[in-house]
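Work out the full structure: start from the sequences and follow the hints.
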Amino acid sequence: MAFHWQSNVNVKQVGVDDMVLLSRLSEDSITDNLKKRFNANSIFTYIGPVLISVNPFKQMPYFTEKEMELYQGATQYENPPHIYALADNMFRNMLIERESQCVIISGESGAGKTVAAKYIMNYISRISGGGSAVQHVKDVILQSNPLLEAFGNSATIRNWNSSRFGKYVEIVFSMGGQPIGGKLSNFLLEKSRVVSQNKGDRNFHIFYQLLAGAEQNLRTNLGVGQLSYYNYLNQSGVTQAEDTDDAKEFHNTLHAMQVVGIDDEGQLDILRLVSAVLHIGNIMFREDGNYAAIETDDFLEFPAFLLGLKSTDIKEKLTTRRMESKWGNQTETINMQMNVEQANYTRDAWVKAIYSRLFDFLVRSVNEAMQVKSKEASLSIGILDIYGFEIFDHNGFEQFCINYVNEKLQQIFIELTLKAEQEEYVKEGIKWQEIEYFNNKIVCELIEEKKPPGIMSLLDDTCAQNHGTSEGVDRQLLSTLSKAVAAHPHFAGGADSFVIRHYAGNVSYNIDGFCDRNRDVLYPDLIQLMQKSTNQFARSLFPDQVQQGKRPTTASTKIRTQANELVASLMKCTPHYVRCIKPNETKGPAIGMKNEFAIRAGYAFRRPFEKFLWRYAILTEQTWPNYRGDPRQGCELFLLEEVRERKYDGFARKIQKAWRRHHAQRHHAKMKEEASDLMYGKKERRRFSLNRNFVGDYIGLEYHPALQVLAGKRERIDFATTVTKYDRRFKTSKLDLILTAKAITLVGREKVAKGPQKGQLVEIVKRQIPLEKIQSIGLSPYQDDFLILQVREDFTSLLETPFKTEFLTTLSKRYKDRTANGTLLLDFKSEHTITLKKTRFGGGHRVVSFQLLAGGSPKAVLTPNGKKLTVSIGAGEPNTTRPRMNRPEGGYQRQSQGRRSTKKAPTRPQQPHMGLSSHSQPQQNNYGVAEYEAEPRRLGGSAPPITPSHGNGISGAAMGGIATPLAGLNLNGQQTNVVRPAPRPNKPKPPVKPKLHPVVTALYAYDAQDTDELSFEVGAEIELLKKHESGWWQGKIGSQQGLFPSNYVQE
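With the numbering used here, letter number 563 in the sequence shown gets 563, and the count goes up by one each step, no holes.
The set of hints was computed from the structure by calculation and includes no laboratory data. Take these hints with a grain of salt, some might be off.
Stated by the list, open to error - Below, computed lysine-lysine pairings styled on BS3-like, alpha-carbon distance capped at 27 Å:
id, residue 1, residue 2
1, Lys657, Lys670
2, Lys36, Lys66
3, Lys683, Lys838
4, Lys816, Lys682
5, Lys837, Lys867
6, Lys867, Lys813
7, Lys773, Lys725
8, Lys657, Lys742
9, Lys766, Lys682
10, Lys837, Lys773
Owing to the predicted nature of the structure, the values given are computational and were not obtained by experimental measurement.
Written as structure tokens, this is what we have:
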């Protein structure tokens, strides 16, 4: 491995990354390897393609952007095991195979499944493509986590953020790999937790978040009190979850609602129901002549207010029940008075219905926010985060359903790995030793089978036979089970419980409450009550059509249907597995991974012949583009994956090159127009700066990472160049100017005074100006290169750069983004006042005055006089001049005609840049002030005409193809009848002594960007033919002649 992320977190690479490579396969060697890696902070380990994750119960340091970049596009064994490697493998396989993928994250409660799912979602969101619409989908997917965790997670004795519901998130992608939507399915919310919790557990997070984070106005409107006031929160003795800030999480939950499209009014409606649930829990009953009566009517007022109901209606529905009985064709209605036990049951059923329907509403809101709008073909990645296998001191109906779903997931794992793997050996005729493993299909049949009836079927029958009563039903169910399935090897009965031998261990289920919780019936009276609500949102959660006499769907039937649908969805995808583990209390075996090691030690790579041929056919002419032979024979003509990547890389580069060239031309044309708009009618232009391309980086930032650090961590640099800075005495110094989306940074260099780096030049930030603090940019109306940066409540910076137009264009865009569509003020005038940093003893203000020098050169002449600097410069192009897309008239005519220019701007030499380089120092005038070279080089503008190389005559090419004057024309171009005789031949002249030209030496290599330019290497000697004021010189090497930038050579 070339690079190991563990080296950066002080972690030694210990043990074996992939446990199929263990030399000795035993429980001790497996445990020892996991223990070694865990102690070295290596929580991930492979078993072939399966990822083992050991919960470290602390935040690990290797989940940053750096790790995301490291694993993106890398093969599994290039880097150490990581959840990002599995996520990247899923994403790439989806695009390569054109098949949907899924990951099944399994393990007991508290093993880290939810955190693993979050990391996978974050990684896929990071590496997939994006635009504004795609980013919205990503935001909804990511923000669905804190939203649903608030309403669906709880603190238990084993896990402070335990998922009390299951979810399957499908992220839908376009065929190009961009997220275009998604779907979220939820399973079996543990709604009984709303009304009762085990000792040491909490209720759902949202209740504690509301009480801790609600502002005073909201608390008053919702009647929010102290936690001890609510019966539904003060039962378990636990109020605070470890390492949890409920107030902060409350605001995160509100933000998540906003992202998924729930506005402020919708959020208030949701919180009303949350508060109503707590207030309903305080309604208590007393016995009044064997019937239930409200203990204190005052407790009815706030639920009625929050739900938009009448307190009298609530009182009636909680103490009486309307029943219908049929006698032939006649229906008789009876109002039955309930006892205290029935009233308590009705109250709790009402609360559970409100909360579960509220949770379903949140799931629908998430699905609507990321609904797939495109009808084109798509792919998907599914992430299953479902409650783990549970074994508590008291296990009830909820644990029965949870463990059933985990058995179904284990069955998928067995079918697609353990069983399928060995069946493949048989199919391929491979010699192998059969490996024994426990197939939990027999346990699944015990629970869900219909013929012979399993536990769920017997439970539904018992509930149907005793639909009108609760007393004694659970005992009847236990008796039925003891008779029907007593002989099953994975079942054992008891006095008040029964035991199922699951794949993860034996679990004893207490029979009390099984039938009531399986019925999951909400009386029609309560549905009708909610349909009378004046609260539209509360009313919309109960759209049910009340149908008397219809047998309701039980909870076990719902979960069985959902589990089978989930299995069907997962079986359509290519599965990946994450097995989350944590040390258990007894240190005993539980998750059954040993057999998996032996299975996974088989052939490392396998793929059907048809798929193999489809993927690698492009590598040979024999199989590409059409192959109609036997796939098995076609697969004998193959090369490596790397060869295929090279082939596609070549194709991609050609496409990218053509597109980038086209895009760059359009982009540069647009930038030139925008730059011209800034100066149009206000400032004279330099001839050679009008049509040059914008480069952005004139320093070579890739060779100077220190400059990136000084500009700001992870800040994108939009423009960088070296500028001349003038101090209060108008003395000059060189600084690097760096423009980001937030600030302008001026970087200088100073010698280290002491320490191990004494005498060395180091980069330091001389000044950093936040964009929002820029008051204006001062410029003159002439063609000079001066910039006056006026900063609010701070001193002025006087700078000079030939790339002022590009700088101002980029700065104006970033200023607009930073200041919410603000406009950068450009102040064009011939005199500017400068505020100095120093205010006393020679400080205060300075004046810079600009004047037009008649007949002057484009070089600025600087005349300092005390506190005033006069800048004199010749006239430039008119201030109404616009850039032209083609070369100006009079420019050099290329030899190749009819070819569109694709010239790119030559950039400043990057590798040799050292900031204050000697060759770029300006010359000093008599006043000690620099005369800055206005145009050190030509950047995409007009090239000066090349001097003819043979005598003083004009070549035919230079005259547009007319080689000699036509006979019969006078000097004025008029035709004459005089035919001139041919002149007599002159005596041969002596050979002309060749003219000696000065020779310059190349400091840096230069690659010609156009046909009229000259390429050379470092150290090449170039015959200098002519110097041009633009900064581009004309030279010759051997027979090659052309233009080159003057700052690449030394005279």
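### Message
With the threshold set at 27 Å, check whether the alpha-carbon distance from Lys867 to Lys813 stays at or below it.
### Response
Violated, because 34 Å separates the two Cα atoms, which is more than 27 Å.
### Proposed proximity, Lys66 with Lys36 (alpha carbon, max 27 Å)
holds (25 Å)
### Task
Verify the proposed pairing of Lys816 with Lys682, using a straight-line Cα cut of 27 Å.
holds (21 Å)
### Pairwise hint evaluation, Lys670 against Lys657, where the allowed Cα distance is 27 Å at most
holds (20 Å)
### Query
When you check the alpha-carbon spacing of Lys766 and Lys682, does it fall within 27 Å?
violated (31 Å)
### Query
Lys773 and Lys725: Cα distance at most 27 Å?
holds (20 Å)
### Message
Just to be careful, I want the Cα atoms of Lys837 and Lys867 compared with a cutoff of 27 Å; is the pair within it?
### Response
Measuring from Cα to Cα gives roughly 14 Å; hence the hint holds.
### Message
For a C-alpha distance cap of 27 Å, please report whether Lys683 and Lys838 respect it.
### Response
Status violated; Cα separation ~31 Å.
### Query
Within 27 Å, alpha carbon to alpha carbon, are Lys837 and Lys773?
Holds, at about 16 Å.
### Query
Hey, Lys657 versus Lys742, does the alpha-carbon distance stay inside 27 Å?
Given that 27 Å is the threshold and the Cα spacing comes to 32 Å, the pair is violated.
Checked against the numbered hints given earlier, the structure breaks hints 3, 6, 8, 9 and satisfies all the rest.
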